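Undergrad: Taking the hints into account, I'd like the entire structure generated from these sequences.
Each residue of the sequence shown is one higher than the last, beginning at 1 in this note's numbering.
Hints were generated in silico from the structure; no laboratory data involved. Treat the hints with care, since some could be wrong.
PhoX-like, lysine-lysine: derived pairs with alpha carbons at most 20 Å apart [as the list claims (entries may be wrong)]:
no.	residue 1	residue 2
1	K299	K369
2	K270	K402
3	K402	K117
Label-pair distances were calculated between CB atoms; the ranges are [claimed, not checked]:
no.	residue 1	residue 2	range
4	N371	E175	33 to 39 Å
5	L348	Q68	39 to 45 Å
6	V152	I132	16 to 22 Å
7	A45	T241	34 to 40 Å
8	D396	L158	31 to 37 Å
9	V30	D92	30 to 36 Å
10	V135	R65	41 to 47 Å
11	D24	E271	48 to 54 Å
12	A210	N371	43 to 49 Å
13	A212	L372	43 to 49 Å
14	P172	T366	42 to 48 Å
15	I221	A351	31 to 37 Å
Keep in mind it's a predicted model, so treat the numbers as computed, not measured. Glycine is no exception: its CB is placed at the ideal position from the N, C-alpha and C atoms.
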Amino acid sequence: MDDMIELLASLIILTVGAALSYKDIRISLVASIVAVLAMMAGGNAYSALILSVALLNIFSLYAMRQNQIAGVDYALVAIMAVATLYVFMVDDLAMMLVLFMVVSAPTYLLVMVSDEKLNVDVGIKYVTFMVIATVLFIIGAVLLYSATDPLVYSLAFLMLIVGLSMEVGIAPVHEWVPDVFASADPIPVSIIASLAKFVPFIIAYKIIIATATPSLWPLLIVLGLIAAVSMFAGNIGALTTNEPSRILAYSTIANMGYILATFVAVTAGKEYVYFAIAGGLLQLFVNSFGKVGYFASIKNGGTSLIPAYILAFSFIGLPPLMGFWSKLFIIYSLVYSQFIWLAVILVLNSAISVPYYIRLARLLGTGWKFNLMSAIVLFASIAMLITLIPPMWFVDLVSLMKGV
Numbered sequence: 001m002d003d004m005i006e007l008l009a010s011l012i013i014l015t016v017g018a019a020l021s022y023k024d025i026r027i028s029l030v031a032s033i034v035a036v037l038a039m040m041a042g043g044n045a046y047s048a049l050i051l052s053v054a055l056l057n058i059f060s061l062y063a064m065r066q067n068q069i070a071g072v073d074y075a076l077v078a079i080m081a082v083a084t085l086y087v088f089m090v091d092d093l094a095m096m097l098v099l100f101m102v103v104s105a106p107t108y109l110l111v112m113v114s115d116e117k118l119n120v121d122v123g124i125k126y127v128t129f130m131v132i133a134t135v136l137f138i139i140g141a142v143l144l145y146s147a148t149d150p151l152v153y154s155l156a157f158l159m160l161i162v163g164l165s166m167e168v169g170i171a172p173v174h175e176w177v178p179d180v181f182a183s184a185d186p187i188p189v190s191i192i193a194s195l196a197k198f199v200p201f202i203i204a205y206k207i208i209i210a211t212a213t214p215s216l217w218p219l220l221i222v223l224g225l226i227a228a229v230s231m232f233a234g235n236i237g238a239l240t241t242n243e244p245s246r247i248l249a250y251s252t253i254a255n256m257g258y259i260l261a262t263f264v265a266v267t268a269g270k271e272y273v274y275f276a277i278a279g280g281l282l283q284l285f286v287n288s289f290g291k292v293g294y295f296a297s298i299k300n301g302g303t304s305l306i307p308a309y310i311l312a313f314s315f316i317g318l319p320p321l322m323g324f325w326s327k328l329f330i331i332y333s334l335v336y337s338q339f340i341w342l343a344v345i346l347v348l349n350s351a352i353s354v355p356y357y358i359r360l361a362r363l364l365g366t367g368w369k370f371n372l373m374s375a376i377v378l379f380a381s382i383a384m385l386i387t388l389i390p391p392m393w394f395v396d397l398v399s400l401m402k403g404v
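TA: Below, the structure written as structure tokens:
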């Protein structure tokens with residue numbers, strides 16, 4: 001009941017703030033921050049990290065106050081953040097699917113905004129893929145809960161995974177990612193690449209765990225192969241381009257492959273499932289803080305060399321940065337789930353990624369500028385340092401997630 005009260009209070013605050021934004025966009029800015037804070041009252045480390053990502057997204061938008069929906073955009077990001085916080089606490093299928101759409105829909109509008117004219121062409125391409133992804137995901141989820149025939153179950157599982165893959169940008173259904181990342185404004189793209197990724201994965205975790213059957217094992221092998229394809233497609237693609245936005249696009253494809261790999265552990269013991277999900281969520285936070293930082297750098301025309309390299313080293317997986325622990329947890333869960341070959345592929349791809357992350361840091365580390373964007377990059381890089389103390393607490397936190 002308390003969670004529902006917090007949710008309703010947040011939505012009321014957001015509605016009032018968005019309605020009053022036509023007078024002063026700062027009203028919506030304050031309302032959005034208050035709404036997210038209200039939702040995480042009495043929250044945990046997951047809530048604090050989501051709040052951090054959301055605030056970085058909101059302040060990034062504040063730096064481009066001349067966009068076409070200035071004021072409303074803060075509320076859209078805050079709604080996404082509220083849904084991302086709430087999904088941790090629910091396991092009802094109908095509510096989870098509503099949250100999926102609540103997070104996805106705002107990005108349809110955000111992807112088109114910029115400091116200049118609306119990016120309609122980019123928006124049409126993105127929305128087309130997202131609508132197809134949403135339909136496949138929802139149909140797959142509903143069928144998984146109701147399927148009794150193994151064939152129907154297999155088809156439903158594949159529909160869910162294809163829908164998830166299109167939604168977050170997993171190869172081989174990743175065609176929209178490089179084009180959208182390179183053509184849209186860097187700030188809206190940073191939101192799509194960060195906050196929008198959590199809910200689809202968390203819901204997919206909960207659905208697959210709740211509906212797992214003995215016939216799931218062959219499907220997990222297929223899923224592992226898809227994850228491997230996405231890792232190679234993303235990392236090799238990033239090696240072949242010098243444009244920072246496209247490097248980040250292919251980096252996202254690779255990172256989504258790392259996270260998808262964690263799904264193969266869902267039939268293992270509870271301990272390994274917790275490590276798998278903890279690794280997946282930590283990798284989502286690595287991807288989020290890294291993408292927010294780097295896209296803010298692109299918008300800013302560069303940043304300080306030190307934050308740029310911290311972000312790069314975390315993506316690569318150097319200890320004790322967050323990216324090291326996320327990959328360690330994933331590898332641990334893969335090895336003990338008898339998917340050693342997939343763990344080896346993940347390690348190999350981490351090595352492949354080293355040259356382009358170093359190149360990206362060198363391209364964007366052009367010098368410090370005293371402005372809001374540089375502060376965002378700095379805070380994003382500092383977030384990568386919170387795992388200086390080994391984050392075993394995050395595994396314990398995952399065990400509290402409802403539905404896993």
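Undergrad: So, for every hint listed, does it hold in this structure?
TA: Hints and how they fare:
Restraint check for K299 and K369: the C-alpha separation of about 12 Å stays at or below 20 Å, so the hint holds. For the hint linking K270 to K402, the alpha-carbon distance of about 14 Å falls within 20 Å, and the restraint holds. Taking the CA atoms of K402 and K117, the gap is near 43 Å; set against the 20 Å cutoff, the hint is violated. For the pair N371 and E175, the supplied restraint of 33 to 39 Å holds, since their beta-carbon distance comes to about 35 Å.
Between L348 and Q68 the Cβ separation comes to about 44 Å, which falls inside the hinted range of 39 to 45 Å. The given range of 16 to 22 Å is respected by V152 and I132, whose C-beta atoms sit roughly 21 Å from each other. Checked against the hint of 34 to 40 Å, the pair A45 and T241 passes, with Cβ atoms roughly 35 Å apart. Separated by about 33 Å at the C-beta atoms, D396 and L158 satisfy the suggested range of 31 to 37 Å.
Checked against the hint of 30 to 36 Å, the pair V30 and D92 passes, with Cβ atoms roughly 32 Å apart. Checking the proposed 41 to 47 Å range against V135 and R65 shows it is violated: the Cβ atoms sit about 35 Å from each other. Checked against the given bound of 48 to 54 Å, the beta carbons of D24 and E271, roughly 51 Å apart, stay inside it. Distance hint check: the CB atoms of A210 and N371 are about 47 Å apart, consistent with the given range 43 to 49 Å.
In this structure the hint that A212 and L372 lie 43 to 49 Å apart at CB holds, the actual value being about 46 Å. At roughly 35 Å, the beta-carbon separation of P172 and T366 lies outside the given 42 to 48 Å, and the hint is violated. Checked against the hint of 31 to 37 Å, the C-beta distance between I221 and A351 comes to roughly 24 Å, which is inconsistent with it.
When the structure is compared with the earlier hints, violations turn up for hints 3, 10, 14 and 15 and for no others.
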